[in-house]
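Asker: Knowing the structure of chain A, use the given hints to seat chains B and S on it.
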Amino acid sequence: MRLTVNRETMTVKAHPLTRLLDVLREECGLTGTKEGCGEGECGACTVLVDGEAVNSCLVPVAQVQGRRITTIEGLGGTHPLQRSFVVHGGAQCGICTPGMIMAAAALGPRPSLEEIRIGLAGNLCRCTGYSAIYRSVQRASRR
Amino acid sequence: MHYNRRQSEGCQGDRVVTRRAVGRNVLRKEGHEKVAGLARYIDDIRFDDVLYVRTIRSTVPAAEIANIRYNFDQAGFTVVDHRDIPGQNIVALIDEDQPCLAATRVRHVAEPIVLLAHADRTQLAAAEVAIDYREATPNFDPERSDLSFKSITIEKGRLDQGMAQADVIVEGEYRAGHQEQLYIEPNGVVAVPKNGGVTLYGSLQCPYYVHRALTVLLGLPAEKVRVVQAETGGGFGGKEEYPSMIAGHAALVAMKAGRPAKLIYDRVEDMLATTKRHPAIVRHRTGVKKDGRLTAMEIDVVLDGGAYATLSAVVLSRGMIHASGPYRCDHIRARGRATMTNTPPNGAFRGFGAPQTQFAVEAHMDVIAERLGIDPLRLRERNALRPGDTTATGQKVGKDCSALQVLREAGRRTAFSKKRQALKGSNRGIGLSLFFHGSGFTGGGEVTLRSKASLALTERGVQIRVASTEIGQGTRTMHAQIVADTLGISYDQVEVSVADTATVPDSGPTVASRTCMIVGRLLQRCAEDMRKRLGRMTPAAYWRKHGGFVVTKQYEKPPGLEWDDDAYRGDAYGSYGWACDVVEVEVDPITYQATPVAFTTVHEIGRAIHPMLAAGQIEGGSSQGLGYALLEEVVMRGGRMANAQLTNYIIPTTLDTPPMTIKILENPYTHGPFGAKGVGEMPIDGPAPAVVNALRHAGVVVSEIPTTPEKIMKARR
Amino acid sequence: MQGTVSGRDLLEPRSLADAVKMLRDEGPLVPMAGCTDLYVALNFGTLRPTRFLNLWNLDTLRGIEARGQTLRIGALTTYTDLITSGVIRRRLPMLAAAAREVGGVQIQNRGTLGGNVANASPAGDTLPVLLAADTSVVLRSAAGTRRVPMTSFYTGYRQTAARPDELIVNFEIPTVRGRQWFRKVGTRAAQAIAKIVVAGVWDKARVRARPRLAMGSVAPIPLRLSQTEQALSSGASLAEAQTILQREIAPIDDLRSTEEYRRQVAANLLGQFCAEALRR
Numbered sequence: 108m109r110l111t112v113n114r115e116t117m118t119v120k121a122h123p124l125t126r127l128l129d130v131l132r133e134e135c136g137l138t139g140t141k142e143g144c145g146e147g148e149c150g151a152c153t154v155l156v157d158g159e160a161v162n163s164c165l166v167p168v169a170q171v172q173g174r175r176i177t178t179i180e181g182l183g184g185t186h187p188l189q190r191s192f193v194v195h196g197g198a199q200c201g202i203c204t205p206g207m208i209m210a211a212a213a214l215g216p217r218p219s220l221e222e223i224r225i226g227l228a229g230n231l232c233r234c235t236g237y238s239a240i241y242r243s244v245q246r247a248s249r250r
Numbered sequence: 012m013h014y015n016r017r018q019s020e021g022c023q024g025d026r027v028v029t030r031r032a033v034g035r036n037v038l039r040k041e042g043h044e045k046v047a048g049l050a051r052y053i054d055d056i057r058f059d060d061v062l063y064v065r066t067i068r069s070t071v072p073a074a075e076i077a078n079i080r081y082n083f084d085q086a087g088f089t090v091v092d093h094r095d096i097p098g099q100n101i102v103a104l105i106d107e108d109q110p111c112l113a114a115t116r117v118r119h120v121a122e123p124i125v126l127l128a129h130a131d132r133t134q135l136a137a138a139e140v141a142i143d144y145r146e147a148t149p150n151f152d153p154e155r156s157d158l159s160f161k162s163i164t165i166e167k168g169r170l171d172q173g174m175a176q177a178d179v180i181v182e183g184e185y186r187a188g189h190q191e192q193l194y195i196e197p198n199g200v201v202a203v204p205k206n207g208g209v210t211l212y213g214s215l216q217c218p219y220y221v222h223r224a225l226t227v228l229l230g231l232p233a234e235k236v237r238v239v240q241a242e243t244g245g246g247f248g249g250k251e252e253y254p255s256m257i258a259g260h261a262a263l264v265a266m267k268a269g270r271p272a273k274l275i276y277d278r279v280e281d282m283l284a285t286t287k288r289h290p291a292i293v294r295h296r297t298g299v300k301k302d303g304r305l306t307a308m309e310i311d312v313v314l315d316g317g318a319y320a321t322l323s324a325v326v327l328s329r330g331m332i333h334a335s336g337p338y339r340c341d342h343i344r345a346r347g348r349a350t351m352t353n354t355p356p357n358g359a360f361r362g363f364g365a366p367q368t369q370f371a372v373e374a375h376m377d378v379i380a381e382r383l384g385i386d387p388l389r390l391r392e393r394n395a396l397r398p399g400d401t402t403a404t405g406q407k408v409g410k411d412c413s414a415l416q417v418l419r420e421a422g423r424r425t426a427f428s429k430k431r432q433a434l435k436g437s438n439r440g441i442g443l444s445l446f447f448h449g450s451g452f453t454g455g456g457e458v459t460l461r462s463k464a465s466l467a468l469t470e471r472g473v474q475i476r477v478a479s480t481e482i483g484q485g486t487r488t489m490h491a492q493i494v495a496d497t498l499g500i501s502y503d504q505v506e507v508s509v510a511d512t513a514t515v516p517d518s519g520p521t522v523a524s525r526t527c528m529i530v531g532r533l534l535q536r537c538a539e540d541m542r543k544r545l546g547r548m549t550p551a552a553y554w555r556k557h558g559g560f561v562v563t564k565q566y567e568k569p570p571g572l573e574w575d576d577d578a579y580r581g582d583a584y585g586s587y588g589w590a591c592d593v594v595e596v597e598v599d600p601i602t603y604q605a606t607p608v609a610f611t612t613v614h615e616i617g618r619a620i621h622p623m624l625a626a627g628q629i630e631g632g633s634s635q636g637l638g639y640a641l642l643e644e645v646v647m648r649g650g651r652m653a654n655a656q657l658t659n660y661i662i663p664t665t666l667d668t669p670p671m672t673i674k675i676l677e678n679p680y681t682h683g684p685f686g687a688k689g690v691g692e693m694p695i696d697g698p699a700p701a702v703v704n705a706l707r708h709a710g711v712v713v714s715e716i717p718t719t720p721e722k723i724m725k726a727r728r
Numbered sequence: 183m184q185g186t187v188s189g190r191d192l193l194e195p196r197s198l199a200d201a202v203k204m205l206r207d208e209g210p211l212v213p214m215a216g217c218t219d220l221y222v223a224l225n226f227g228t229l230r231p232t233r234f235l236n237l238w239n240l241d242t243l244r245g246i247e248a249r250g251q252t253l254r255i256g257a258l259t260t261y262t263d264l265i266t267s268g269v270i271r272r273r274l275p276m277l278a279a280a281a282r283e284v285g286g287v288q289i290q291n292r293g294t295l296g297g298n299v300a301n302a303s304p305a306g307d308t309l310p311v312l313l314a315a316d317t318s319v320v321l322r323s324a325a326g327t328r329r330v331p332m333t334s335f336y337t338g339y340r341q342t343a344a345r346p347d348e349l350i351v352n353f354e355i356p357t358v359r360g361r362q363w364f365r366k367v368g369t370r371a372a373q374a375i376a377k378i379v380v381a382g383v384w385d386k387a388r389v390r391a392r393p394r395l396a397m398g399s400v401a402p403i404p405l406r407l408s409q410t411e412q413a414l415s416s417g418a419s420l421a422e423a424q425t426i427l428q429r430e431i432a433p434i435d436d437l438r439s440t441e442e443y444r445r446q447v448a449a450n451l452l453g454q455f456c457a458e459a460l461r462r
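If you read the sequences in order, they're chains A, B and S. For the first sequence, position 26 matches number 133 in the working numbering, and the numbering has no gaps at all. For the second sequence, position 556 matches number 567 in the working numbering, and the numbering has no gaps at all. For the third sequence, position 12 matches number 194 in the working numbering, and the numbering has no gaps at all.
To be clear, the hints were calculated from the coordinates, so they are not data collected in a lab. Hints are supplied without guarantee of correctness; some may be wrong.
[Stated by the list, open to error] Derived SDA-like pairs (lysine to any residue); straight-line CA-CA distance at most 25 Å: (1) 722(B) to 239(S); (2) 564(B) to 471(B); (3) 120(A) to 441(S); (4) 725(B) to 449(S); (5) 725(B) to 305(S); (6) 722(B) to 450(S).
[What the hints assert, rightly or not] Reference excerpt, derived from the structure (chain S facing chain A, CB under 7 Å, subset only): (7) 190; (8) 193; (9) 204; (10) 217; (11) 218; (12) 221; (13) 222; (14) 238; (15) 286; (16) 292; (17) 373; (18) 428.
Built from N, CA and C at the ideal position, the CB exists for glycine as well.
Isolated chain A (complex conformation) (with noise of 0.2 Å):
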């Protein structure tokens, strides 16, 4: 099966039913996604597949053949979130980071509180208690 993951084209082998979430993470490397939960809740595992966010722990990567896959390694590490996450204490035991942040990158340019708040109501977090992460995405798309 051939994959587009940031933007490079790999082939995989993987059987088909094998989670999205799995290949990223085995067989091409990608540890910035990580597995909270297996069931669709925590949105740790959030990655986007043509800019929607989507849970990789419920894709097979059967049905992302020929979709861009973009992970938090495709941000480069210099998007504006992630430099806000670190500026505004959105991150702090950081593992719900990685998913917070590609469900904030889903959001748009300008989102208003309330649209962060529902764009991120899949995405639990058990240290920050979100004020932080609200800031780290507002303060992020003022740039």
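Answerer: Just chains B and S now, with coordinates in the frame of chain A:
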């Protein structure tokens, strides 16, 4: 010890550094790695030639193990049972009652019995193990248990005298259920055998706890065991003692097979098998004057310890010391016990006994306020500890007592008393809680720990070497700030070593709100020493001329602290933080759902080394406290957690969390670094009673948390 | 993750005709759409079936179309499609309301209406909406097309009238007149399973208008509350209608809630529905 502003002009290269780090929101040391997806948690690290481990666990709560049948071809498998344990079959902690692998009997569902390992995960998952049990009658009622792990009595004054002085006596009973820590990264370790010993990498809070547990389990000398903390995705106490168990399992497999053994729990197993917050039943009988003054407090506490002792003794200890709340009262008798039930052992979770007992006392204060017809804020004002007053254990609180300040500040910011009037008769209620939290280990605990910290001068600059772990709270950052300012160098010149027992001394566990106040202070003393030795030279210049050196400091009890562990009297903690929460709750008359609509807290923490990190602890801990109050219910059926998945164990999402207003006050503690006290745990002590008190105000009388809509429906007045 | 994929097969039909032929000739096959339920079972090691049919690329199963009096929604329409569709917003806003309450954005981007219906959970968020709207479920097999009214689609707990060789291809909904109402009571504000979920339509502007009301999580199947509707349309008081409601539903205690709570809240929701229907 106060930091002299003039001495802040230290040296960076040849330039003078005047900008201090303490009190500023410097960038998190590992922040870039975390946002870039480069931080390496245990499951991210690649190990070659690895065996995957699966734990076969008890499916019954109390039984003798009659027979174990392996219904699969064992070729390629490593099988480990209790007979493979080279050292002692215990998870070394406080008592020695918990086996690492059950031998002849099990005391709880999910108790580990056998370990299987294989290089192929499909084959590993397919292996069938059948266990025959001779079941015994389990006990799930902590009050009917015949095994008490620990009992504690705190006595102050003469209870009967205090009761005799009372105008009114008010009774109440309060219950709190389990709470699951729900770190988003589950428990996981990898054990690598090496030279007749083992190196253990893992998601953990306390490398030296694991180190000790492994030496005991494996019968190895200290130098043959090495523990290395990987980046850890949350702990909250859930990775304080539990990692010793999972590490033991991986190490046993690794040693037997001679290959690395990887053991990462999935969410279901983590919730089923690992520790949770102790459920509590707390009874109050309180004597008060008509004007609200407390004359006598009689408190009874029962904690459900689960099947083995683990940390129950210390959870009980902290719970009891906080049980009478931040109040002055001359006559107190508080009795508590932690008992055994046939459920998975409970353990450390942020707050560690204090959330349970302060929930009870603060809910009870509002019952008293209502009975006397006094505003809840005034009642607390009348009774709050003031400098010079003594606590339940007879500790005289000093100038760093801020109970009144936080109470008044919170009341003012929220217009509490006016709102109490305005909301009467509506679907909304407003409630408050006043609480405190001792920093560091209780009583003589820090003396027993004798923690050490080291600071090394290296080619690259200065390196912090402590066993304190970064688990999200900002340990690396905060420690580096303290060292940078004390040395007068830039924050960027301070690096932090990996928490690796091969390179760092035992700084004690990363728990008990001690990482800044205790270990940070040790590092400050190291830096003071280093500064003296450097003289006027920069670290780089000194290194070029003289080479490197290491300064190590060990904990010294501050003068004047006295604790009697037998009588349970004296100075329980070096210092306390103080806080007040005010929460506004709206109850939906159709669905009985209670929604927190506004949350304000005032926290006095000595000194905010990093204001944003401190606020982060307060926001995060408060959010967990709201979950504890409203949402998080562990459903136990037959001693087994029936809702062990995230779909059914509910923690707050963005839409469940109200906007929070946080105000930090600083009333320095003399012996804390730059005056800092602890802050990690205190935030979780307050929200639950504030919510329950707000519900009472809205006409819903509940005394049990979580206050689910089902309970609220039946509790309307 | 407990589930393993080796030893399982995925068939990739190139067209709808292909797919129904495979279902007929190469079954048993479990159709796979957005996988937001299927893969939870896989991850927990409870997924027994081993052979799957990938529907994801069959674009003929997508699309929202208003054709005169009929609103046609493809089975592969996602919750996000429903939320963002102008047609749905205008003609069936209660379906968009339901879609907004399903999981978080990640689930909404992948979960499908066909999947929600086929999964047949009594707690499915869209099911009361489809019931109250008198939806027709359009099924296709190699033998042809057949339509089953939503109100007859569920035959028992997690059982549907669809045959193993049939696929849900789309839903047909006649124009809905009157006020539409939807409410879900979940375990929390987002990403929650319904403790009770209700959808209703009442065109109070018409004389003797009969309300349409359906409820989930109060019986082994999502229920159309025809007896309660009958009572309301023949002029019963709210209290009388609530009594009949209690006889019509059969909620239980489970992990998430209690029978007592569900009964009380169902009655309260009926009251809210009646009050809402009267509003302009």
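Asker: Evaluate each hint against the coordinates.
Answerer: Do the hints match the structure? See the list:
1. 722(B) to 239(S): Not OK: residue 722(B) and residue 239(S) at ~47 Å, beyond 25 Å, violated.
2. 564(B) to 471(B): Measuring from Cα to Cα gives roughly 22 Å; hence the hint holds.
3. 120(A) to 441(S): Violated, at about 50 Å.
4. 725(B) to 449(S): 15 Å, holds
5. 725(B) to 305(S): With a Cα-Cα distance of about 24 Å, the restraint between residue 725(B) and residue 305(S) holds, given a limit of 25 Å.
6. 722(B) to 450(S): Since the Cα atoms of residue 722(B) and residue 450(S) sit roughly 16 Å apart, the hinted pair holds (cutoff 25 Å).
7. 190: 5 Å, holds
8. 193: Hint violated; residue 193(S) Cβ to chain A Cβ min 10 Å, cut 7 Å.
9. 204: 15 Å, violated
10. 217: 5 Å, holds
11. 218: At 5 Å from the nearest chain A Cβ, residue 218(S) passes the 7 Å test, so the hint holds.
12. 221: Where the cut-off is 7 Å and the nearest Cβ of chain A is about 4 Å from residue 221(S), the hint holds.
13. 222: It holds, given that the least Cβ distance between residue 222(S) and chain A is near 5 Å, below 7 Å.
14. 238: Hint on residue 238(S): holds, closest Cβ of chain A at ~4 Å, below 7 Å.
15. 286: 2 Å, holds
16. 292: It holds, given that the least Cβ distance between residue 292(S) and chain A is near 5 Å, below 7 Å.
17. 373: Holds: closest Cβ of chain A sits about 6 Å from residue 373(S), inside 7 Å.
18. 428: 33 Å, violated
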